[in-house]
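Participant: In order, the protein sequences belong to chains A and B.
Residues 9 to 59 in the working numbering are what the first sequence lists, from first letter to last.
Residues 31 to 280 in the working numbering are what the second sequence lists, from first letter to last.
Think of the hints as simulated: they come from the structure by calculation, not from any bench.
This structure is a prediction, so every number in the text was calculated from the model and none was measured.
Check before you lean on any hint, since a few could be wrong.
[What the hints assert, rightly or not] Which chain B residues stay away from chain A? Per the calculated CB distances, all over 12 Å, these:
| hint | residue |
| --- | --- |
| 1 | Ile59 |
| 2 | Val127 |
| 3 | Trp153 |
| 4 | Asp154 |
| 5 | Ile177 |
| 6 | Ala183 |
[Claimed, not checked] The calculated lysine to any residue pairs, modelled on SDA-like cross-linking and capped at a C-alpha distance of 20 Å, are:
| hint | chain 1 | residue 1 | chain 2 | residue 2 |
| --- | --- | --- | --- | --- |
| 7 | A | Lys14 | B | Lys41 |
| 8 | A | Lys14 | B | Trp52 |
| 9 | B | Lys41 | B | Leu259 |
| 10 | B | Lys41 | A | Ala44 |
| 11 | B | Lys41 | B | Arg260 |
| 12 | A | Lys14 | B | Gln144 |
| 13 | B | Lys41 | B | Trp52 |
Even for Gly, the Cβ is constructed at its ideal location relative to N, Cα and C.
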Amino acid sequence: MPDLGKYADAVLSAYAVSILLLVGIVVLTLWRGRQARAEMDAVERRSGRNG
Amino acid sequence: MSLWEYANPVKFLRLSERVQPWLWAGAAICLGVGLVWGFFFTPDDFRQGSTVKIIYLHVPSALMAINAWFMMLVASLIWIVRRHHVSALAAKAAAPVGIVMTLIALFTGAIWGQPMWGTWWAWDPRLTSFLILFLFYLGYVALWEAIEDPDTAADLTAILCLVGTVFAVLSRYAVLFWNQGLHQGASLSLDKEENVADVFYFPLLVCIGGFVLLFLALVLYRTGTEIRLRRTRALMARETRSATLRAEEA
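Here chain A stands alone, though its shape is the one from the complex:
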């Protein structure tokens, strides 16, 4: 860990907030994508069965 001196709180909080936001958008994007894919597959299967 580098010595961040008197600005340690500022630097660490900037990294924490940014990484949290980046990870948040990635997780949300992948979760919603999987959900949408599963929904579409289910509806397609149902439509196929019903002709």
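We have chain A; now place chain B onto it with these hints.
Facilitator: Frame of chain A, contents of chain B only:
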């Protein structure tokens, strides 16, 4: 082969799924290398101390916040002129990513500003235009959610995007138009003389590369999601119509 072929959702999804693993991997590598390099292996600045390390998050996110809006502008114009649904959905997909980039730029700017300027916030031209850009992003997403008919939503959000472009341009060039603000000039420029010192410049370039690749990966993935949601809605509407017809016949 024409670029317009990819206005076909199936072709777009096929290409997007081929490209995405490379984009995700590239983003992870560039962000990992750039941020570790910048955080652990670059010196403090003689004036800013260790707060200079915030540059590796602030500059790339601010850059992407503005460029995401320009990408949405291009996609909106394609929708207005050529009525390609994939372009309207790509603009919709990019907006939440733009919101996150703008939030990171605003947060890291405020966190850096407090020890350096002595204030979290100032009504400086660049900061103010950035805040307005953030509000435009929120309005854009809200408008998509508020309108049920997807084509009407795409039309109205495209117009909102054209209007918001004024603030995206202001966010980009405010430091050149006005000299009275607190915000310093551009940290990076094609003119080498305006750039930060090499020791900060190279890790910063790697981080910018990481943010660009992450943005592209997210937008492609989210556009695919929007296409699937739209197809699901269309299939469900067809099912409902068929069920109604069957009930009427019986």
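Participant: A separate judgement is required for each hint: does it hold in the structure or not?
Facilitator: Now the hints, each set against the structure:
1. Ile59: Holds: least Cβ distance 15 Å, greater than 12 Å.
2. Val127: At about 6 Å from chain A, Val127 of chain B fails to clear the 12 Å cut-off, so the statement is violated.
3. Trp153: It holds; Trp153 of chain B is separated from chain A by about 22 Å at its closest Cβ, greater than 12 Å.
4. Asp154: 19 Å, holds
5. Ile177: Non-interface label stands for Ile177 of chain B: nearest chain A Cβ at 20 Å, farther than 12 Å.
6. Ala183: About 18 Å separates Ala183 of chain B from the closest Cβ of chain A, which puts it past 12 Å; holds.
7. A:Lys14 / B:Lys41: 54 Å, violated
8. A:Lys14 / B:Trp52: Between Lys14 of chain A and Trp52 of chain B the Cα gap is close to 40 Å, so the pair fails against 20 Å, i.e. violated.
9. B:Lys41 / B:Leu259: Between Lys41 of chain B and Leu259 of chain B the Cα gap is close to 17 Å, so the pair holds against 20 Å.
10. B:Lys41 / A:Ala44: Between Lys41 of chain B and Ala44 of chain A the Cα gap is close to 19 Å, so the pair holds against 20 Å.
11. B:Lys41 / B:Arg260: Distance ~16 Å between Lys41 of chain B and Arg260 of chain B Cα, so the pair holds.
12. A:Lys14 / B:Gln144: Holds. Lys14 of chain A to Gln144 of chain B sits at ~13 Å (cutoff 20 Å).
13. B:Lys41 / B:Trp52: 18 Å, holds
The structure is inconsistent with the numbered hints 2, 7, 8, although it conforms to all the rest.
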